[in-house]
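A.B. asks: Here is what each chain is made of, one letter per residue.
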Amino acid sequence: MEFLEVQGIYKSFGNVEVLRGIDFSLSKGEVLSIIGSSGSGKTTLLRCLNLLEKADAGTISVNGEIIIDAKEEDSYTDKEIRDKRLRMGLVFQQFNLFPQYNVIDNLTLAPKLRVKEDKSLTKEEKAEKIEAIIKEAEELLASVGLSDKAKSYPCEISGGQQQRVAIARALMLKPDILCFDEPTSALDPELTGEVLRVIKELKSGDRTMIIVTHEMEFAKNVSDKVIFMADGVIEEMGEPNQMFSNPKSEKLKAFLQKSDEKF
Amino acid sequence: MTFWQVTLNLLDGFGMTCAIFALTLVFALPLGLIISFGSMSKFKPLKAVVRVFVWIIRGVPLMLQLFIVFYLPGFLFGSPIFNRFTATIIAFSINYACYFSEIYRAGIEAIPRGQIEAGQVLGMTRFQIFTRITLMQVIKRIVPPMGNEIITLVKDTALARVIVVVEILFVAEELMAHAIIWPLFYTAVFYLAFVGVLTLLFGWFEKKLSYYKV
Ligand SMILES: Nc1ncnc2c1ncn2[C@@H]1O[C@H](COP(=O)(O)OP(=O)(O)O)[C@@H](O)[C@H]1O
Ligand SMILES: [Mg+2]
Numbered sequence: 616m617e618f619l620e621v622q623g624i625y626k627s628f629g630n631v632e633v634l635r636g637i638d639f640s641l642s643k644g645e646v647l648s649i650i651g652s653s654g655s656g657k658t659t660l661l662r663c664l665n666l667l668e669k670a671d672a673g674t675i676s677v678n679g680e681i682i683i684d685a686k687e688e689d690s691y692t693d694k695e696i697r698d699k700r701l702r703m704g705l706v707f708q709q710f711n712l713f714p715q716y717n718v719i720d721n722l723t724l725a726p727k728l729r730v731k732e733d734k735s736l737t738k739e740e741k742a743e744k745i746e747a748i749i750k751e752a753e754e755l756l757a758s759v760g761l762s763d764k765a766k767s768y769p770c771e772i773s774g775g776q777q778q779r780v781a782i783a784r785a786l787m788l789k790p791d792i793l794c795f796d797e798p799t800s801a802l803d804p805e806l807t808g809e810v811l812r813v814i815k816e817l818k819s820g821d822r823t824m825i826i827v828t829h830e831m832e833f834a835k836n837v838s839d840k841v842i843f844m845a846d847g848v849i850e851e852m853g854e855p856n857q858m859f860s861n862p863k864s865e866k867l868k869a870f871l872q873k874s875d876e877k878f
Numbered sequence: 125m126t127f128w129q130v131t132l133n134l135l136d137g138f139g140m141t142c143a144i145f146a147l148t149l150v151f152a153l154p155l156g157l158i159i160s161f162g163s164m165s166k167f168k169p170l171k172a173v174v175r176v177f178v179w180i181i182r183g184v185p186l187m188l189q190l191f192i193v194f195y196l197p198g199f200l201f202g203s204p205i206f207n208r209f210t211a212t213i214i215a216f217s218i219n220y221a222c223y224f225s226e227i228y229r230a231g232i233e234a235i236p237r238g239q240i241e242a243g244q245v246l247g248m249t250r251f252q253i254f255t256r257i258t259l260m261q262v263i264k265r266i267v268p269p270m271g272n273e274i275i276t277l278v279k280d281t282a283l284a285r286v287i288v289v290v291e292i293l294f295v296a297e298e299l300m301a302h303a304i305i306w307p308l309f310y311t312a313v314f315y316l317a318f319v320g321v322l323t324l325l326f327g328w329f330e331k332k333l334s335y336y337k338v
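Quick mapping for you: the protein sequence lines, in order, are chains R and C.
Under this note's numbering, the first residue of the first sequence is numbered 616, with each subsequent residue one higher.
Under this note's numbering, the first residue of the second sequence is numbered 125, with each subsequent residue one higher.
Hints are computed from structural coordinates only; laboratory data are not their basis.
Note that this is a predicted model, so its numbers are computed, not measured.
Among the hints, a few may not be true.
[Claimed, not checked] Cross-link-like lysine-lysine pairs, in silico, DSSO-like; alpha carbons within 30 angstroms at most:
id	chain 1	residue 1	chain 2	residue 2
1	R	Lys-734	R	Lys-750
2	R	Lys-741	R	Lys-815
3	R	Lys-766	R	Lys-789
4	C	Lys-171	R	Lys-669
5	R	Lys-731	C	Lys-264
6	R	Lys-694	C	Lys-166
7	R	Lys-686	C	Lys-168
[Stated by the list, open to error] Using C-beta positions, here's what the derived DEER-type ranges look like:
id	chain 1	residue 1	chain 2	residue 2	range
8	R	Glu-754	C	Ala-230	38 to 44 angstroms
9	C	Lys-332	R	Ser-640	50 to 56 angstroms
10	C	Ile-158	R	Glu-732	57 to 63 angstroms
Glycine included, C-beta positions come from ideal geometry on N, C-alpha and C.
Okay, chain R solo, but in the shape it has when bound:
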């Protein structure tokens, strides 16, 4: 059994079938890129993985443990859903930093709350854990090159810096799998590089990641596996070199040709 197993995911909005049977698996430390034209269901798939949408059918298991079973999703308690969500991290296209908190507080807000609500801890233990959280946040900020911005507010830093903060914030919860939904699409071209570099560094740190992206060159370099989605199904899946230099399906050929034309 692979580290991540996604089986038979279906999702409709009204009578529009957006995902029509998605199956794939991923080993620990592997990076998967998902490409495909807009509207093919990539965001919806990531949202199902993070329980922001309820899949109509299918299962998702991590490390041999079923974390989402669409049949049972209605019976999950709020607490269960929250715990399940923490197995996955999600970095949004629009960053979604909390504007009223400075950078370091954006990182520490959620983990601190988890410590505070843990009734099994004594006051001293809580204080210790919170100190550790702050230290960790500082280290993560350093690793994305933003130590000097710890006290800045999101409106005071560039989009590229905001997205790097968002990545560090997602890492604070130590997700098994980190998902990115077009992390550079909202950025000016000159700012995409710094974000992609950070993601690349995470790969060398053995992070398991799923990246929805339109940056073909990046997808080719960073991924162990590529999925091409079209109309809610996986049209083609394989190794990046083979996918990009020798696509099998007509749809992928057309898609790659179109994305080449853009440059």
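Assemble the complex: chain R is given as a structure, and chain C with the ligands must be docked to it using the hints.
C.D. replies: Only chain C with the ligands this time, still in chain R's reference frame:
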């Protein structure tokens, strides 16, 4: 009557004006939040009832609502239930709660979905998301319209005189019976001073919240 005698008389009435103002805020601010939750409820019948209620309260003159709260119980049951002051506070609180609820609703609905989802994927509870993420952003958004509404409340308190609550304008009108008319115009000074203080207060608060952008 000397200037000082008039001033003291008016100050008495102004005390009542301030009492109506303060108590209305105390009740209407939280009640408005409850009404706004009702008007955004996913439970359709509740939402419909609340929205119709808000429509009625906002659609009928506050003066008429004062009459209704004060006189209707007496008309129906033979004896009044509320004294004049209580009736005033009830009518004002309900009326202002409805206006506040619409401001709250607009503020809450303007929060980008992504803010809430970011909290969700970080494993926060709904309560934590509301108190730690949404609330501060809602407050920042609603300070200007709330400032407006609260300043309107200062002047609306004058309506209470229709059910013979002795607020400042009522006192001034009484003095007219003694053939002195200038105290009526003098009341404007009190209102202006009150509104001036509120304006400064809201300005200060807006500035304090300006360290971030939503
Ligand atoms: N909440 C929703 N309600 C209705 N339709 C939706 C919703 N979310 C996505 N869709 C539809 O699902 C399809 C796939 O969307 P999405 O997953 O965002 O695609 P992608 O990320 O690949 O561009 C689109 O046709 C979109 O209009
Ligand atoms: Mg998308």
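A.B. asks: Each hint should be assessed against the structure and marked as holding or not.
C.D. replies: Each hint tested on the structure:
At roughly 23 angstroms between alpha-carbon atoms, Lys-734/R and Lys-750/R fall within 30 angstroms of each other, so this suggested pair holds. Simply put, Lys-741/R and Lys-815/R have alpha-carbon atoms about 34 angstroms apart, too far for the 30 angstroms limit, and the pair is violated. Of the supplied pair hints, the one linking Lys-766/R and Lys-789/R holds, its CA atoms being roughly 23 angstroms apart against a limit of 30 angstroms. The straight-line distance between the Cα atoms of Lys-171/C and Lys-669/R is roughly 25 angstroms, inside the 30 angstroms bound, and the hint therefore holds.
With a CA separation close to 26 angstroms, the supplied pair Lys-731/R and Lys-264/C stays within the 30 angstroms bound. For the hint pairing Lys-694/R with Lys-166/C, the CA-to-CA distance comes to about 21 angstroms; that is within 30 angstroms, so the pair holds. With a CA separation close to 27 angstroms, the supplied pair Lys-686/R and Lys-168/C stays within the 30 angstroms bound. The hint said 38 to 44 angstroms for the Cβ distance between Glu-754/R and Ala-230/C, and at roughly 41 angstroms that hint holds.
Distance hint check for Lys-332/C and Ser-640/R: the Cβ-Cβ separation is about 52 angstroms, which falls inside the suggested range of 50 to 56 angstroms. Taking the beta carbon of each, Ile-158/C and Glu-732/R are about 25 angstroms apart, not inside 57 to 63 angstroms as hinted.
Hints 2, 10 from the list above are not met by this structure, while the remaining hints are.
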